[in-house]
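For any residue, its number in this note's numbering is found by taking its place in the sequence shown, counting from 1, and adding 1.
Among the clues, some could well be false.
[Claimed, not checked] Listed next, with one range per pair, are the computed distances between beta-carbon atoms:
#	residue 1	residue 2	range
1	Glu468	Gly312	56 to 62 Å
2	His338	Val17	31 to 37 Å
3	Ala383	Ala302	35 to 41 Å
4	Ala445	Asn290	46 to 52 Å
5	Pro362	Pro102	46 to 52 Å
[Said to hold, decoys possible] Result set (DSS-like, lysine-lysine): computed pairs, CA atoms no more than 30 Å apart in a straight line:
#	residue 1	residue 2
6	Lys194	Lys118
7	Lys181	Lys118
8	Lys250	Lys192
Hints were generated in silico from the structure; no laboratory data involved.
Given the structure is predicted, the values throughout are model-derived calculations rather than measurements.
Ideal Cβ positions, reconstructed from N, Cα and C, are used throughout, including at glycine.
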Amino acid sequence: MNMALTAQDFIDYVHVDMNELHGYLARRPGWSVSNVTDTLPPDARGYRHQYVDLVMEGGGMLGIALVGYVYALEQVGIRFLQLGGTSAGSINALLMAAAGPRHEASTEWLIEQLANKNFYDFVDGDDEARDFTRELMEPDITDTGLLGWLRRKVDKLQDLGAAWQVRGHVSRDYGLHPGKEFERWLEGLLKEKAANSIEALLARRAAVPPGGLRRLPSPAGPEAEGTLYEPASLFRLAVITADITTQTKVVFPEMAPLYWANWREISPALLVRASMSVPLFFQPYRCTNLPGRHKDDEKRADYRRAWDALGYLGPIPEEALFVDGGIISNFPINVFHDNTQVPAAPTFGVKLGIDRASFQPTDSVLQYLGAIFDAARSQYDADFIRRNSDYRHLVHCLNVDGFNWLAFDMPAEEKLRLFAVGVRGAVKFLQGFDWAAYQQLRAAKVEVVARSASMDPKPHGPAIGLEWPGGLLPSYMQET
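Take these sequences, add in the hints, and give me the full structure.
Next comes the structure, spelled out in structure tokens:
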């Protein structure tokens, strides 16, 4: 029987790992991961706040490891500026953004949600869809998948109508599960934190700690106070999804005005619902009545220019379908990238597993299709890291071998072990990260990048007349 968990169970489970990290840092006075801090006093262990950007990979239930990773970072004083992710990574990013003021730790609240939620509630299709899903989660069944499930139904002469009902969900609704239960759960958490609209969420993310954020000189002495750090992008949250109607990689909430005329009132839960729509498992998220389509829309020309700048030259559709952002960019580590200067704070990244660690089997049609999908989803982000090798110093890959990313009925002990994978990964990463050396590496690139940028063609002009989240143009419209 699956035992009930408490938040304290998770914390106790990684007690030894956290003691290892605290001991390591106690032997390194002046340890630093960022030049951005605040003026608040140190905590009981003597940690001052240091701020970084964070990007998290998607991976279904493996996202529990992301919470463990962030928990370890927060326990040693690390806090967050810009947050981004895809699918499970976007869920974690949104909840971190909504949890409270940026100088307060978010993960103890997140751990409470892990402990108290039955994630199988998210499997909200009808009985046959849930039956099929449960079989997908069984590793000991050799003949798995939709075709295998249908075959067993036929072989046993059991409920042939139900078998075709599952097929109907896929062919009619494009997915087994509506995703409404997930949406309701997330909406409830956002309402609890008074962050259940894009406008409210961005206002929270724009706020700074008492006394403001400070940028320290590099290197900084123990008494350095630094200068005020007030970047225009401080509010940014980046939720990655795929608009398959216009074939667009979408970054929410910054691109929300293209899809909703009343974008300020839209719940951020919808943005993440769009990002986590695993094809065929969840039904795609549908956004209807896109603005700028009608001739009598006074801002029609501005919407047209905005879409043109994205590279979409067709008519603005009535409806856009969104699926899991992982089909385009499962690890959007480039979303906060600025190679024109040495960063005041690094962009940490955490991946769920190691890509291309072994060859992909292609002994069946389903394996063949899976290999095509994995190749497509991993290469966009992997290519960015290859071309920007300095990012290898910022990214840690968590070893999640042996865990099922679709195990919404994951046993309690497995949740604890997955959480610990994240904590241990963070401990290992922090023990190896050298902030001073990373800054030197970036400084060596700045001049070369500046010369190259001077020869680049200018991007499309901005779409004037539209109001954008935070008053900041979407990144794809900004000139460098």
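What hint numbers does the structure not satisfy? Hint 1 contradicted; others consistent.
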